[in-house]
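Chains as they are written, first to last, in numbering that gives the first Met the number 0: chain A, 0 to 226; chain B, 0 to 127.
Check each hint, because a few of them may be wrong.
If you want the footprint, here are the derived chain B segments under chain A, 3+ residues with CB under 8 Å [said to hold, decoys possible]:
#1 40-51
#2 69-81
#3 101-108
#4 113-123
The list that follows gives simulated cross-link-like pairs (lysine-lysine, DSS-like), each with its CA atoms no further than 25 Å apart [what the hints assert, rightly or not]:
#5 B/36 <-> A/123
#6 B/90 <-> B/36
#7 A/226 <-> A/75
#8 A/111 <-> A/190
#9 A/226 <-> B/65
#10 B/36 <-> A/111
#11 A/190 <-> A/123
#12 A/111 <-> A/123
These are calculated hints, taken from the structure and not from any lab test.
Built from N, CA and C at the ideal position, the CB exists for glycine as well.
Next come the chains, spelled out residue by residue.
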Amino acid sequence: MSASPALDHIEAGPHGHHYTTTGLDSRKIAVWAFIGSECMLFASLISTYLIYKGRSVVGPFPHEPCSPPVCATALKPILNIPVTSASTFVLLMSSLAMVLALAAVENRNLPKYTLGDRILGSSKLWLWMTCILGATFLGFQSYEFTSFVHEGLSIRTNLFGSSFFTLTGFHGAHVTVGVIWLGTLLAIDYKRGLEPGDAINVDIAALYWHFVDVVWIAIFTLVYLIK
Amino acid sequence: MAHNDSAPRGGHGTQQDHGAAGGHAAAHDAHAHPTWKQYRWVALILTLITVVEVWIYYIPSFVATKLFVPSLLIMSAVKFAIVVLFYMHLKYDARLFRALFTGPLIIAVVTLISLLFLFGHLAVRLGS
Chain A
0 MSASPALDHI EAGPHGHHYT TTGLDSRKIA VWAFIGSECM LFASLISTYL IYKGRSVVGP
60 FPHEPCSPPV CATALKPILN IPVTSASTFV LLMSSLAMVL ALAAVENRNL PKYTLGDRIL
120 GSSKLWLWMT CILGATFLGF QSYEFTSFVH EGLSIRTNLF GSSFFTLTGF HGAHVTVGVI
180 WLGTLLAIDY KRGLEPGDAI NVDIAALYWH FVDVVWIAIF TLVYLIK
Chain B
0 MAHNDSAPRG GHGTQQDHGA AGGHAAAHDA HAHPTWKQYR WVALILTLIT VVEVWIYYIP
60 SFVATKLFVP SLLIMSAVKF AIVVLFYMHL KYDARLFRAL FTGPLIIAVV TLISLLFLFG
120 HLAVRLGS
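Throw the hints in and build the complete structure from the sequences for me.
Here it is as structure tokens:
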């Protein structure tokens, strides 16, 4: 606490918010700065992928078939667009579930008149939905990685394999961290319930989750769709 | 749900939540969030753009044109902006957050484009 009562609310608000002299929550400033730094991390990984694109000497290749003598056997283009489109849809829907979870926590104390209000106001439901959709995305990614390895593409096969697995692997690791983070929020919700005062914690987790989503939006176009 | 659709999403940042004592600091953090309806519309638009992206991928005559890559990049940028503005609430949040995000993002994009020029993936043709 500050020596001056007038400054008390700047240091910690009634809900335990850590306000700075900007009037903004310091944790939210920190998470936006972190997201900014993550932008540069993923830009470097995407740059590496794009620089190496089309420079692999041996197959399999992402969009082109590979036939002998470049490959030992004839290989189809390795990227599976229908499966990745489905996983992209799943991640987009997880972002919708996440904003609904945040809104449910923020509006916990509002009266709920209808069944629809109770469904929309259930933070547990939307947190569960986000977790399940995030885990489903990871399942799609595991399936994709496994099928690639079975088709002869590993991180050591060629430049495409190295840059592809590094980029999508880093993204998958971020999704995994997000799912664990959401799991901790769910545990808190079951233990004591998430109140409007906890909304800042859910908001920070939501910002991270949406950032993971926007990174995938860029990866889906640059890696999977552009030939 | 009608009352919820029209209600602004004040949440943790509203002045009322903080009371008079915390009002000054909270006022800076105060922001209205989109309504349920807006969230649903955003999800629908994102899904539609994704469907169009995948659809044009399977049209060989369009893939062969010079419009294919720019159209995909534009659609991707629109999706990116929609998620950041509405789901991440940057449209409604403080300017400092916008600066913290767009500053590094601009650096990242400029670096990416510079590297593509440097390694010969992009080129500017000068003269005839």
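ask   = Which numbered hints turn out to be false for this structure?
value = none
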